[in-house]
Amino acid sequence: GAGVSQSPRYKVAKRGQDVALRCDPISGHVSLFWYQQALGQGPEFLTYFQNEAQLDKSGLPSDRFFAERPEGSVSTLKIQRTQQEDSAVYLCASSPPVQETQYFGPGTRLLVL
Amino acid sequence: GQNIDQPTEMTATEGAIVQINCTYQTSGFNGLFWYQQHAGEAPTFLSYNVLDGLEEKGRFSSFLSRSKGYSYLLLKELQMKDSASYLCAFLTRSYKLSFGAGTTVTVRA
Numbered sequence: 001g002a003g004v005s006q007s008p009r010y011k012v013a014k015r016g017q018d019v020a021l022r023c024d025p026i027s028g029h030v031s032l033f034w035y036q037q038a039l040g041q042g043p044e045f046l047t048y049f050q051n052e053a054q055l056d057k058s059g060l061p062s063d064r065f066f067a068e069r070p071e072g073s074v075s076t077l078k079i080q081r082t083q084q085e086d087s088a089v090y091l092c093a094s095s096p097p098v099q100e101t102q103y104f105g106p107g108t109r110l111l112v113l
Numbered sequence: 001g002q003n004i005d006q007p008t009e010m011t012a013t014e015g016a017i018v019q020i021n022c023t024y025q026t027s028g029f030n031g032l033f034w035y036q037q038h039a040g041e042a043p044t045f046l047s048y049n050v051l052d053g054l055e056e057k058g059r060f061s062s063f064l065s066r067s068k069g070y071s072y073l074l075l076k077e078l079q080m081k082d083s084a085s086y087l088c089a090f091l092t093r094s095y096k097l098s099f100g101a102g103t104t105v106t107v108r109a
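In the order they appear, the protein sequences are chains A and B.
Mapping to the working numbering: the first sequence position 13 is 13, numbers consecutive.
Mapping to the working numbering: the second sequence position 48 is 48, numbers consecutive.
Hints in this document: simulated from the structure, not taken from any laboratory.
Here the structure is a predicted model, which is why all the values come from computation and not from measurement.
Keep in mind that a hint or two might mislead.
What the hints assert, rightly or not - Derived contacts from chain A toward chain B, CB cut-off under 10 Å, selection only: (1) G28; (2) H29; (3) S31; (4) L55.
Ideal placement from N, C-alpha and C gives every residue a C-beta, glycine not left out.
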């Protein structure tokens, strides 16, 4: 079956531009997670959804970051007024219940110039 | 607070065995995961330990000691394709994964 998919795979943005990153989780997976991975580092938690409810957004670095999952399936991570420090790989993961293995998508590599 | 440590780099010869250690400190724990990540790709699941002891899965094994806050990933019969970053992560009480920085394993012929 299909895994987690993300789009776009690569995004170059000018500083100050808004971007939207999309995640399609594995069909039927209840939980969805967003992580940010800087070069040479492990992924860092951003936010978590269970169905359409955003249960934890403690990892979002600023109020420029916003995530939604309105129908409990596809999720979008939006970054407003991008800054150079936002350059990273943004990974999406999904799992059936939260206690089980999280499966990662290929990520979106964001470069802010 | 939460902290997780693993070596930055390891090098081994094809056919050999390598053990990657991971130590963690956390106030809440729901299991220990190991992921493999090739450069430019997504992390892929290798193993999950929630109870103390050894879990074996083919060439890969993972061990957990909750009382010591310690885990290791054992890679046997190393192959060139095993060259990758290996990420140790624990599942927190709030169900997010807290990752180490990763161990880059280089397998040489």
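Hint check:
{"no.": "1", "hint": "G28", "result": "violated (17 Å)"}
{"no.": "2", "hint": "H29", "result": "violated (13 Å)"}
{"no.": "3", "hint": "S31", "result": "holds (7 Å)"}
{"no.": "4", "hint": "L55", "result": "holds (8 Å)"}
Checked against the numbered hints given earlier, this structure breaks hints 1, 2; the rest are met.
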